[in-house]
Amino acid sequence: MLVPFQALLDAQHRLEPHLTPTPVKRSAWLSARTGAEVWLKLEVFQPTGSFKVRGALNRVLAMPPALRAKGVVTASGGNHGLGVATAAKLAGASALVVLPENSPQLRRDAIAALGAEVRVHGPVWNEANALALQLAEERGATYISPFDHVMIMAGQGTIGVELIDQLPEVDVVVASVGGGGLIGGIASAMRHLKPQVRVIGVETEGAACMTRAVEAGRVVELERFDSIADSLGTRKTAERPLAIVQEAVEQMVTVSDRSATEALLGLLDHDKLLVEPAASITASALLEGLVPELQGKTVALVMCGGNITLEHALGWRARFGLG
Numbered sequence: 250m251l252v253p254f255q256a257l258l259d260a261q262h263r264l265e266p267h268l269t270p271t272p273v274k275r276s277a278w279l280s281a282r283t284g285a286e287v288w289l290k291l292e293v294f295q296p297t298g299s300f301k302v303r304g305a306l307n308r309v310l311a312m313p314p315a316l317r318a319k320g321v322v323t324a325s326g327g328n329h330g331l332g333v334a335t336a337a338k339l340a341g342a343s344a345l346v347v348l349p350e351n352s353p354q355l356r357r358d359a360i361a362a363l364g365a366e367v368r369v370h371g372p373v374w375n376e377a378n379a380l381a382l383q384l385a386e387e388r389g390a391t392y393i394s395p396f397d398h399v400m401i402m403a404g405q406g407t408i409g410v411e412l413i414d415q416l417p418e419v420d421v422v423v424a425s426v427g428g429g430g431l432i433g434g435i436a437s438a439m440r441h442l443k444p445q446v447r448v449i450g451v452e453t454e455g456a457a458c459m460t461r462a463v464e465a466g467r468v469v470e471l472e473r474f475d476s477i478a479d480s481l482g483t484r485k486t487a488e489r490p491l492a493i494v495q496e497a498v499e500q501m502v503t504v505s506d507r508s509a510t511e512a513l514l515g516l517l518d519h520d521k522l523l524v525e526p527a528a529s530i531t532a533s534a535l536l537e538g539l540v541p542e543l544q545g546k547t548v549a550l551v552m553c554g555g556n557i558t559l560e561h562a563l564g565w566r567a568r569f570g571l572g
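Numbering-wise, my numbering comes out as the position in the sequence shown, counting from 1, plus 249.
Keep in mind that the hints were calculated from the coordinates and are not lab data.
Every value quoted in this text rests on a predicted model; they were computed, and no experiment measured them.
Where is the CB? At the ideal position from N, CA and C, for every residue including glycine.
Keep in mind that the hints are not guaranteed to be accurate.
[To be verified] Restraint ranges, calculated between C-beta atoms of paired labels, are given here: (1) Gly-455 / His-370: 32 to 42 Å; (2) Glu-376 / Ala-318: 39 to 49 Å; (3) Pro-314 / Pro-417: 32 to 42 Å.
[Stated by the list, open to error] Here are the simulated lysine-lysine pairs, DSSO-like style, with alpha carbons at most 30 Å apart: (4) Lys-319 / Lys-443; (5) Lys-319 / Lys-338; (6) Lys-319 / Lys-546.
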């Protein structure tokens with residue numbers, strides 16, 4: 250069920266003219282705190298501020314021109330929508346993005362600025378997604394899943410291919426998990442290129458759909474999504490991402506929103522990076538000691554997105570009484 254290696258190579262070739270490999274940066278702070286050599290994979294430097302553009306661009310560019318001409322439709326907490334809007338603009342296709350009510354205005358405005366039609370529907374992503382599926386069928390357009398498609402995961406998996414080039418000594422990769430497209434792609438890349446690398450997935454306690462699915466051995470739906478990490482955004486994963494996690498991810502861990510905020514503020518103070526809680530939870534996992542046997546290891550944390558404002562960070566700091 251892994252993403253085929255050729256699909257990863259094809260995605261890398263497809264994206265190369267449009268996206269520059271994102272840099273890695275050593276975190277002296279996290280390295281000192283953990284006894285590991287901790288590096289940050291800076292997907293916050295993507296043109297859309299998030300890794301999601303990789304999968305969206307790969308998916309749209311791989312579509313036959315006749316299908317692209319009919320347009321694309323997606324649902325997103327914001328970052329995938331930005332990726333799809335960017336890809337559609339590049340390909341000359343129309344795009345409709347359905348966003349849930351908990352999506353930040355910052356992302357809504359950015360998607361609209363790219364020329365996509367924006368609709369807001371439902372409290373969280375799952376309700377927005379139901380409308381997106383309906384509208385895609387009504388319009389004869391192609392629905393673009395944020396995570397449940399091999400071309401999406403192949404695009405995200407190019408992060409893993411880059412990491413092996415940039416940090417050939419890497420021992421552990423830690424990535425956040427929403428629907429599972431990011432970690433599915435990265436874990437596939439690691440299995441193909443350096444199978445001894447340990448891949449760890451992180452969720453927040455109020456958005457732990459993959460953790461619950463792994464525990465149950467099947468896709469399960471959370472009763473509610475309750476987290477500040479809105480870009481994780483789904484109450485359930487899908488069969489393919491779950492199968493890859495079961496096969497190629499060593500461990501799933503969860504952290505609190507408070508812990509995510511503490512790590513977010515630490516990354517801002519020490520590494521001068523403003524990242525989303527969905528990114529800072531990877532640092533939380535290390536700081537809380539949830540990933541064992543790190544001493545002397547080379548660890549890569551995927552900083553998956555940075556589409557928040559300083560006001561968001563200060564608001565969470567006040568909410569959790571963090572100074």
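Right, here's what the structure says about each hint:
Separation of Gly-455 from His-370 is about 21 Å and departs from the stated range, judged on CB atoms against 32 to 42 Å. Separated by about 29 Å at the C-beta atoms, Glu-376 and Ala-318 break the suggested range of 39 to 49 Å. Our hint of 32 to 42 Å for Pro-314 and Pro-417 holds, since their Cβ atoms are close to 38 Å apart. The hinted pair formed by Lys-319 and Lys-443 fails the criterion: a straight-line CA distance of about 40 Å is larger than 30 Å.
Simply put, Lys-319 and Lys-338 have alpha-carbon atoms about 13 Å apart, close enough for the 30 Å limit, and the pair holds. Annotation: proposed proximity of Lys-319 to Lys-546 is violated, straight-line Cα distance about 49 Å (limit 30 Å).
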